[in-house]
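Q: In order, the protein sequences belong to chains A and B. Plus 112 on top of the position in the first sequence (first one is 1) and you've got the working numbering. Plus 1 on top of the position in the second sequence (first one is 1) and you've got the working numbering.
Because the hints were derived from the structure by calculation, they are not lab data. Treat the hints with caution; some may be incorrect.
Which stretches of chain A does chain B cover? Using the computed rule of at least three CB atoms under 8 Å from a CB of chain B, they are [what the hints assert, rightly or not]: (1) 333 to 347; (2) 361 to 375.
Chain A residues, not near chain B, derived (Cβ > 10 Å throughout) [stated by the list, open to error]: (3) L129; (4) G230; (5) V631; (6) S861; (7) H950; (8) T1022; (9) N1026; (10) V1095; (11) I1141.
Here chain B is said to cover these stretches of chain A; the calculated rule only asks that three of the stretch's residues, wherever they fall, bring their Cβ under 8 Å from a Cβ of chain B [said to hold, decoys possible]: (12) 192 to 201; (13) 406 to 415.
All C-beta atoms, glycine included, are put in the ideal place defined by N, C-alpha and C.
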Amino acid sequence: MLRTSVIVVVSVAYLGLLFAVAFYGDRRADTGRSIINNGTVYALSLAVYATSWTFYGSVGQAATEGVAFLPVYLGPTLMFALGWLVLRRIIRISRRHRITSLADFVSARYGKSAALGGLVTVIAVIGIVPYISLQLKAVSDTFEIIRRYPKSPSTPDLGHVPLMADTGLYAALLLAAFTILFGTRHLDTTERHEGMVVAIAFEAVVKLVAFLAVGVFVAFWMFGGLGDLFSQAAEINLTRLFTLRDQTSYGEWIWLNLLSMLAIVLLPRQWQMIFVENVDEKHLKRAMWLFPLYMLAITFFVLPIAAGGLLRFGNSVEADTIVLALPMAEGQQALALLVFIGGLSAATGMIIVETVALSTMVSNSLVMPLLLRGKSRLTHRDDLAGLVLGIRRVTIVLILLLGYAYFRLAGEGPALVSIGLVSFAAVAQFGPAILGGLFWKGGTRQGVMVGLLAGFTVWVYTLLLPNFAESGLLPQSLLHEGPWGIELLRPQRLFGLPRLDPMSNAMFWSMLLNIGGYVGVSLAGRPDAAVRAQAEQFVETPEGPGRQRRWQVRATVGELHTLLERFLGKDGAQRALGAYPGRRPDSLASKAAPELVHHAEAQLAGSVGAASARLAVDAVAGGEQVRSDEVMEMIGEASERVELVRRRLELLYDATGGVGTTLDVTRTAEELAQVAVPRFADYVTVDLAESVLGGDEPGFNGTSISTSGGSTRLRRVAFSGIRDDPPLFPVGELITRGPHSPEARSAESGQAVLVPRLSESPGWQTVDKRRASRVLQYGIHSLIAAPLRARGVLLGVVNFWRSEKPEPYEQDDLSLAAELAARAAVSLDNARRYTREHGMAVALQRRLLPRALPEQNAVEVASRYLPAQEGVGGDWFDVIPLPGARVALVMGDVVGHGLHAAATMGRLRTAVHNFSSLDLPPDELLGHLDELIIRLEQDAPGDRTAIAGATCLYAIYDSVTRNCAIAKAGHPAPALARPDGTVEFLDVPAGQPLGIGGLPFESTELQLPEGSRLVLFTDGLVERRDQDIDTGLRLLSETLAHPEHSPEETCEAVLDALLPELQSDDIALLVARTKVLGAGQIAEWEVESDPAAVRRVRAAVSERLTEWDLEDLVETTELILSELTTNAMRHGAGPINVRLIRDRTLICEVFDHSSTSPHLRYAATMDEGGRGLFLVAQVAERWGTRYTEDGKVIWAEQTVRDRAECSDDHAVLN
Amino acid sequence: MAESQDDEQLAGRLAAVTALAIVLIVPPFLTQFDRTDRVLGVPVLWAYLYLVWAMVIVLVAVIGGRSR
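Chain A with its partners taken away, still in its complex shape:
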């Protein structure tokens, strides 16, 4: 028989022991020989996690659901395995920021927000009170059960204990006393409670021993070991306890694991024990395995005890009380008492730590910020420490009474487990804010606020209300039919998601809204400076001491000291200031260094929370104290400035690479405009002097930037902006600005000019008043005009405009703008100079090349010349009509590009023209050309720009004989496309390039069918960097295989097929289609060396001319022929040939076999001979001699007049 009195005495004695242990712990701490500085004690103190829920409730749960009770202990094991990653981080941050509670942590992380701290506190209190009441219920129930020993306990009569006889009430009051005594002994900056920790560690051992004792008793005393126990259980069909699938969904299993992972960190008592009471983070290393091991041990016999209970009692005993009922039923008094003490121990430990943690939160995060708000007189009260402690003590009592009230009202209903899980789910709502805040910088205060509120609301609706309903506080219909009968809103089946048990349902919806709200609102907004600064400190690896400086503090050392004294008491203040690592202040009246102020605030934060400490320091340090958010703003600004400088360097770097990629003036100006948008300016415009665009220097040609009177005239060349439609001057506009405009001033001074506010700049507005007001209306408000100045020459002005960024340009921006402009100006000047030089070379070459090909009938020609993109080159070609219905085709190439190549080309072309007038055969002509070049080089020895070499091809086509003579000097062989479609590259002896000397050149002669196309080209056409020359030649010959193409079409086709995208060499192309003079246009006679023969020929000629309708030329032709044949007879050697060709002109040719050259002589009056050639020269248009292999030809040309002209002449004569 256990007397009630015995039970009470033992219970009180146990609590007394607890007091003693706690007292001893505190004493040891005070004397500096702490016993909690030990990893094992730390790990044991964490066992406050195992409450009466573990002690009684898990067996109850195992009796109905079997193995499903395990997640509550597996989850923490997982979280502790992650301890080094997550928990140690929080420990470090908490230590550095003197964070003393969960609410404090959330508040500090999100910019020391008092509102957030308050919200977290409220949620925590509401979430935890049922949990506390659960402990009181356990104490009360077990007391009733054990008091009635040996009567078997039955549930119904437990509910009817009168208030005054209820142990729960006395337990609550007793625990309040203990907590107040050891939890609020004094106000300490670290908020540690050594005595309490020692007591909890002691309790942990007691409940473990008690539970293991029952376990061993059941398994090995009542049954023959675990095997026997389980096989007996299997026999009565208890195998459902051995599995999960029959009892619990895997979804719920996973949710419960997750929930417990969060709960082990986020339950206020766990937070208190893991982070606040932690002395050394090294202890965590032991706790990481020791604490899970403790849980493994304490839960090991849960399933065996449950099975034993069911075997012993069936369903006659409430499952939650099996642990106690078994030893009672077996008549083990002492064991039953031990179990009761173990359960009591589990309950009291939880209640003590939980209330301490909650009271700290309530006082620091809820009540003090409210009291300190508005800098009330409170801050000037002397004994604030007493006030804080008072608040905590009252809170402790209130929370315990609240818990008791809840137990009295609702405690009869649900099992222990479900109440505990409800609390777990409540604190899990802090998960996103805290874990997110540890690893993600983007969270905002608003995001946390929304997420927390949403998650909490769902929690209330889906877990707390059903809990009330099950306890009978609310109608049951709420659960089954939904509020107002709306089934979709049934709390445990919200929106009717299928296959979700109530817990998964609640967790899914609350976490969805919580995380969704947190992340969504955070992403929508932007953390302000205060939150950013804190995020930086929380998320970055928390190593080394924190640096957080308050600027502009005007507190004296004395004032700070008084403030600390008010909160911490005399000794506390002394200790706090003594812990300051910096130089001790000289006197109380001296100004406190910012570091000291920060130190004081940190010390205070340990006692009253971060938000309160900040408010208190602000309040006491004087009226003109900078507000905390302003301080954060300042810190933010400083880091922003560093960032700004970095961005500027980056911009300059980009400008160096991005401006001046081409040698085009306009393109360079556009690049300048683009590189600065949007990083430096919202709009950029570039205005240049008109002459710059043509490559000339401004000031040259009278196109100066500045006109008389100091105004400027510039053309807008480039624009770039974040939008395309600002009412600035459009590109292409010529803008004249007055001398007071910023642009003119910057052009005048050579310095960048800053116009912070355009609306206050009359000089700018006078340029175009209407446009100026439109620009202002458009939102453009600030301007920097920077001169584009390079090599001492002002090229133009660049304008940087700002509209979207609200802040005006500052002095700092000016140097960046000037630097940007200076760099761009060099690129612009380079482009300008190149433009000028390129233009000159192109003009020169154009002038040197034939503008129109001469008229002739021997061939039909088409030509192309394409200068290289990088500059002009030395390619040239020519078509030179030769006497005798012949034509010379020339194609040449001077090695190299640029002006020198072009100039040399010009000289060679002229030389070829001159030599061709001597009517030299191709090989001889090239020989002369070669000599000429060698001579030219000798003229300029050592000149770098001397000719590096040239190639040339010279061909003469005779349209009478269809004969073609070709010679070349190192030039690509021409292509011949015959009328039958065959194409070949003519096999002409290669010859050396010109200017080398040595071997003579050789001519090749060949007969061309009528309509053959002779294609002359330079190597630029077929050679390129990316392609083999044979490929080019093959392509060319394929393109030429179209006999129907005219020369013009051939040129088109060839260029289409062969023109490279990037032309690196210049290209010349000449296509000549041969024609043949008809037989009717030629007459030929052989003349013997006999004067009579001359007469005969004259008659025949006269006859033929009449046939050709050239009667008017009969006389002169007869004259020419007789003179020339006579000469030939006199000086030359027979036989003599006479030929008449009727082409554009009438050509008379006399051939003989001598090679003596005729001379034009001015015969003296008395000379008989010697007048022949003189006469011929008078009558003929042109005359000349050419040499053939076996003699010479003397020829004369006469113009053929139109028929109409002839008849006019006759009319006049008549």
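Go by the hints and put chain B onto chain A.
A: Only chain B this time, still in chain A's reference frame:
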């Protein structure tokens, strides 16, 4: 610097242990052992979970103990 490297290594190994533990205590591994049979007289699932649990504890202890 050396300390933080060691730390990182330790944290990484422990995270790996955690991942392993998670894999072992959720389906599909869990399902494999979710049977009514008994092994050595005790329920399979019960034995399995405690075995995994003990293994995790030992691993954490060994890994934590080996780093200074």
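Q: Hint by hint, note whether the structure agrees.
A: For each hint, the structure was consulted:
{"no.": "1", "hint": "333 to 347", "verdict": "holds (count 7)"}
{"no.": "2", "hint": "361 to 375", "verdict": "holds (count 4)"}
{"no.": "3", "hint": "L129", "verdict": "holds (30 Å)"}
{"no.": "4", "hint": "G230", "verdict": "holds (34 Å)"}
{"no.": "5", "hint": "V631", "verdict": "holds (23 Å)"}
{"no.": "6", "hint": "S861", "verdict": "holds (53 Å)"}
{"no.": "7", "hint": "H950", "verdict": "holds (58 Å)"}
{"no.": "8", "hint": "T1022", "verdict": "holds (79 Å)"}
{"no.": "9", "hint": "N1026", "verdict": "holds (84 Å)"}
{"no.": "10", "hint": "V1095", "verdict": "holds (73 Å)"}
{"no.": "11", "hint": "I1141", "verdict": "holds (61 Å)"}
{"no.": "12", "hint": "192 to 201", "verdict": "holds (count 6)"}
{"no.": "13", "hint": "406 to 415", "verdict": "holds (count 3)"}
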